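Since the structure of chain F is provided, determine the placement of chain B on it from the hints.
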Amino acid sequence: MKRKTIISFIAGLFLCASLPSCMDLDETVYDKLSAETFGQTEVELNALVGNVHNTMKRYASNFMHLSECTGSMAVTPTRRGGDWYDGGQYAELFTHSYTAMTLRIRDCWDNATEAIGTCNSAISVLNNTSAEDITEEQRQQMIADVRGVRAFWIYVMMDFWGNVPLLTEYSATEKVYPPCTPRQEVFDWLVTELNEIKDICPAQSAATYGSFTQGAAYTLLAKLYLNADAWGVTTSENNYQKVVEYCDKVMTMGYVLEPNWKDNFCLTNQNSREAILAATFTDQDTGSDGNVQWQLHNNTLHYKDYLGLGIAASGTWNGICAQPEYVRLFDEEDPRYEGSFLIGQMYDQSTGEIIMTDHGNPLNHTIDVTIIKGTEYAGSNWGAVEQHDGARCMKWEYASNLTTAMENDYHIFRLADVYLMKAEALLRGAGSAGEATTLVNAIRERAYGNADHNYTTVGLDEVQLERRLELAWECSSRQDDIRFGCYDQDMWPQSNCPRLTGEYLKLLPISQDAWQVNPNLTQNPGYAAFPQK
Amino acid sequence: MRQKKMFTSFKHSRLIATSVLMSFCMTGAVFAQKATIKGSVVDENGEPVIGANILVKGTTNGTITDINGNYSLEVENAKSSVLQISYIGYNSIEEAVKGRNNISFTMEPSVVNLGEVVAIGYGTQTRREITGSVANVAEENFNKGVTRDASDLLQGKVAGLTITTGSGDVTRSSQIQLRGTSTLQNDQGPMIVIDGIPGGDMSTVSPSDIESISVLKDASSAAIYGSRAAGGVILITTKRGSGSKTTINYDGYVTASTVANKPDMLNAQEWRDANHALGKDISLYDSYNNDTDWFDEMTRVGISQQHALSLSGGTSKSNYRASYTYMDRNGVARDNYMTRHSFRFQFQQRAINDRLRIGLTGSATLTDMQMPFADDFILAYNMLPVYPVYNEDGSYFTGANHNYDQGNPVQNQDQNYKKSSNNYFYGAGDVQFTILDGLTTKVQLYKSRFNSDYSEWQDPRNSRGQGDNGYARRRARTWDRNLLEWTANYNKSFGTDDEHKIDAIIGYSWENNLYADQSSIVRDFAVVGMGADNLQSGNSLKIGDVTSSRNEYKLISLFARAHYSWKERYMITATVRRDGSSKFGANNKWGTFPSVSAAWGISQESFMEDVEWVNDLKLRAGYGITGNQDGLQPYKSLDLYSASGTYYSNGTWPTAYRPSQNANADLKWEQTAMLNIGLDFTLFNSRLNGTIEWYDKRTSDMLYNYEVSMPTYVYNTIAANVGDMKNTGVEILLNLDVIRNKKFTWNTSINLAHNKNEITKLSNDLYSTGRIYVGDPWIRGASGVTSHVIEEGYPVGQFYMLKCTGLDENGKFIIEDINGDGQITDDDRTYCGDAQPDLTYGWNNTFTWGNWDASIFFRGTIGNKVLNNPLAAYGNNTYMDGCNVMKNDDLLVLTENSRVCSYYVENASFLRLDNMSIGYTFNTKKIDWLEKARVYVAGQNLFVITGYKGLDPEVENFRGEASDSNAGLSPGIEPRNYMPKSRSFTFGVNLTF
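Chains as they are written, first to last, in the working numbering: chain F, 1 to 533; chain B, 1 to 993.
Any given hint could turn out to be false.
Stated by the list, open to error - Restraint-style ranges between C-beta atoms, simulated for each label pair:
#1 B:K761 <-> F:K175: 19 to 25 Å
#2 F:N364 <-> B:D533: 23 to 29 Å
#3 B:T164 <-> F:W189: 51 to 57 Å
#4 B:T164 <-> F:G502: 49 to 55 Å
#5 B:T339 <-> F:Y177: 52 to 58 Å
#6 F:D24 <-> B:T760: 35 to 41 Å
#7 F:Q345 <-> B:V527: 33 to 39 Å
#8 B:G806 <-> F:W189: 54 to 60 Å
None of these hints come from the bench; they were simulated from the model. In this text, all values refer to a predicted model and were calculated from it rather than measured experimentally. For each residue, glycine too, the CB sits at the ideal point set by N, CA and C.
Excised from the complex, chain F in its bound form (with noise of 0.2 Å):
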């Protein structure tokens, strides 16, 4: 009996393991999608799509700081007490004594490169799905549509970086480390991939508002035939006459220069006819999820002057501020001058007293930036300026019940911006100054609502001021500067920090981190090479 006893037992062993769901690990995905499922509708498709377009609303953060500040626009100054020194960061943007351990330049590289990553997986679902509510025509508009965002981002960083890793396939499995490719291929890439697009990319129209359209390719287009020069790159074609050719394209595609410039700015100003490819944003973004919330007002308005201006947001961060030479380039009675910068003292709006800041200085918003004395850091010139000192972003409308995120979009290329290129290129050789002059005259009459204003002839200083007062905030300030040859010029001499100099701050050195797990990489020139793994 024992020995059947113990029988028994182990096969009651056996039968309890051989039952399948005893080893069964099976899990049920609850609150996710497979991938293997997931894409086989339209609605999903652009779902996918839309993500890809969101991917763009890192730009307006991130790299506005990176090309203003190491632009002739901005600077994020240390304020009194040590705010936004944060280990010297941004002290290394303005003097342009970046490194690769930079933090400002890995956070805008992992921006565009994530981006990029997230634009080759949607195209392999593009590419593969059996979706049967699309025609197969929608199917390539969409994927014209991310392929344009991915050259976009690809745009970028050869313009930050030149010399880029160039990976346009997604694999699940397969993983790739490219080295970086020359700028000249890039460019080359670039201008194949927008020419085989640019006529399949969703036409403009209110309802691709948001996408890449055709009128976003030309422009790209046009904006790599301006900056082939300065970036050093040849093509066979004669840039400037492309860049015109282009811009005339774009400006046949029914975008209309706002009669009234702010409305570029407003908090409706997705209705802006003069949007060609946008960052759009919402009040609604929580900032979660890949939910980017655009936090412009945070980043350069004091912790009170939400109490001046009347809006909700109280504890911004009191960062970002214009270089001063700058704002002194406007105009006083331009309407863009109140219309970019805050200016001047600040009363609260409830009581109507003058505020004082923390340290018992009055809110009054300084065009001057003045670095105290006896704050420097060791080392450098670097100190602190008062909290108050330095005119803020004041181009996008704050809405009165602003807190965390502003419900504005961020216009990466509008018509303006089209405008002065194509003047630029007339100027530089493609044309005659009589049309440039109308061009800039169209948008400085724009501006002032008059005539009064208007050249009678313009050359290209004027086209570059004009750029300077007309896109200030906009990511234009870094690479226009190299254009115009003058990115080592800083426009805050009293900060007594002058800048490094050197033809290879040009391009931004590539980050340690991204090195690290991509020991592909190569340093561009200038910079410590990154050691042999």
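Okay, now just chain B, sitting in the frame of chain F:
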């Protein structure tokens, strides 16, 4: 889908039924011979031992000796029964009855009870038989005073087990770490096993229900718990009723807690003087005539109480115990409390000649608590002493609410809240059947549900709520756990004098875990009376503010252990566990975790017979492999898409979708292999006993979110198994009866632990990681400036920052220019000490003198560093006109902003008088209804001796939320939003009827 699920659940029920049936169907009656056994128990001097426990082994049938040391006990089977005799302070005895009617015992005193039965994984062993490293702490050695859970009872008692209570927040549980850091994930500490149910939660067992706690310290003893045991295992054994004796026990105490440490801020006059000394104009602020100590205003004396009532008893066939514990704790912060009702019920019944045993356990833990907003303490640092708490008309002072990091913290405490109501229910049932002598099979079923209902309210009238104009959140979470375990155990002694002993177990375990969460946040409240109880009265509902989620994972295991011992002289144990987890990637679903350990009972050798001064000597060695999957969330290995915000589409905002992560089909547990060698000794007539252990613990395939290259990946991190880490250490436990006589005893016990931690690898063929900069101390002007580094060749907790050698004559930091380029940049950061101690120690003394008993317990660390971040953040005069500051020597000297630098890294070695108690036991011999009556007073955290200048040198190992995967990698930062710890005084009563 639905159909499939139903089928799956049907399959499960079939599986359960099969197992239960198996336990029943294999029966065969064995003839039993009842008998009554009598005898007496005496001590080494021949004096009767009163109240010794006599228990029939493997049953709950037992009794205790009377005033003359005599007992009488009826046993079911006089042939095969084994009696166990135990008494505190004496070695337990096991003796087979072998048909005798009269058996008397002589007990040997000992500082450690070698015959004591200690819980090990899936079973018990006597201390003499154990081959692995198992520390056992029984009730008489628990910490006294106010205790929330098992961790409070154990703190400082076990060498190598670090238990850190980070703050005075009574709702925050302690952090437990065994033998150093062994993961880069948020270290969840040892796995908790409650009465054999793996994966429990300490908070579900009231301290007064705990009989003993075992800590499985080495891999050879923990490996039977496989992929979850790398952090060690803590086995909690609860009290049970014993046969034939009915007991009612009442345990109650009341505790007063005061603030033990408070930042030393400037008072009003000191603030004025300091500003005048620096020539600062403070007229803007100095328009109030007050002298407020904001920390005093925010804190109080917290009165806590606990009442525990238990009933237990039984018959020779059954036993039961039921208990109810009410705990009401009020923290030193005015908005911090916890009330807890714990119910626990256990019942066991035997049948079929004691061969069948059925047990049922039910437990309910109902907790209501309010957590403080730790950030309110930031306001207390910043608010000027001249500001009042209330305006003259009694309203709150809100004059500073618009300033950075300022606001009226008292108003915040009164108007805001974070509350949670938690229910933790579980039930367990087991059926055990003795198939034949020595062969037992058991099926155990367990179901638990933990719900948490969370409410948060930030009132628009105060500084915290003004940004959103009122913020309300409700969150409901549920964790469900289902467990089935089946084991078969074979236990047999044979040979002459039963010199061979075999104990073997095999088992199967299936569990699944479900988690569901829903949360809603509403902002912008015009009307404020209803807090978070009426979300619909808020005006702003954002799309991403309403969320829900649900996930599930399964764990299936097969395990076995065999133990063989010969004359308790040579012992060997081998275990193996095979774990499969649905969380693991498709390529690594199953892992095997083996172990082997052996012990040599040297004192049992014939050549040791004459060595009188050695009572016991045992050499142990064990090696095993365990795993850790704590940091692994379900679904992490899979290629999935999830909703992610909204996108703009022609005036509407539909939901966007994106890949939810970088999938990793190779994802698996992290693995820890440990070699442990130990020597247990009992010497000098059992006056001195102790253990010396050495271990080498190597973790490989460390789980972490490693950085990867985009765009080949979609995200910049992937959950993967890459790095290696090493911990080596020595632990010493010494336990000495300094004085041992009838009138007075003094026992002293000291434990020492040294551990050395080192990260040995961070890259492999697929993923390459250099340094990981971690630690975010958060001072103004240092966002993104890190304090620690994770790097090969250095320990976790390595400070890495600018090295400051002092202040120069201008009051500026002298920073060492490490790379010599004449500039101070990030490249000049260097290694500045680490946060892991070289030595942790505990020193306990217990005294008895007649009816009096007393204990005094010290513990501490040597050689660890702590970043005194409050001093960096609030010890600087930069903002002193508008913000209050901490008193410090440099206040008027320093002329630059604080920096994250080694200037603020301090030696945090400490000695703490952690626990002291004095008790008196009344003579109740003449009161027939009262068996025992004891009163005691206890003090906790009475003083700290340390060179550390901050609040308290003992800071939490990791900060932040459990979801912050980097939180454990920057230990040793005293956070700037630190809630003060408490010092407690307790008066307690213990009555047994």
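Structure-based check of all given hints:
1. In this structure the supplied range 19 to 25 Å holds for B:K761 paired with F:K175, their Cβ-Cβ distance being about 20 Å.
2. About 45 Å separates the C-beta atoms of F:N364 and B:D533, a value inconsistent with the hinted range of 23 to 29 Å.
3. B:T164 and F:W189 have their C-beta atoms about 55 Å apart, which keeps the hinted 51 to 57 Å range intact.
4. As the Cβ distance of B:T164 to F:G502 is approximately 51 Å, the hint placing it in 49 to 55 Å holds.
5. Distance hint check for B:T339 and F:Y177: the Cβ-Cβ separation is about 57 Å, which falls inside the suggested range of 52 to 58 Å.
6. Here the CB-CB span from F:D24 to B:T760 is close to 37 Å, well matched to the stated 35 to 41 Å.
7. The hinted window of 33 to 39 Å between F:Q345 and B:V527 holds, with their beta carbons roughly 36 Å apart.
8. Judged by the Cβ atoms, the range 54 to 60 Å given for B:G806 and F:W189 holds: they are separated by roughly 56 Å.
Against the hints set out earlier in the document, a violation occurs for number 2 only.
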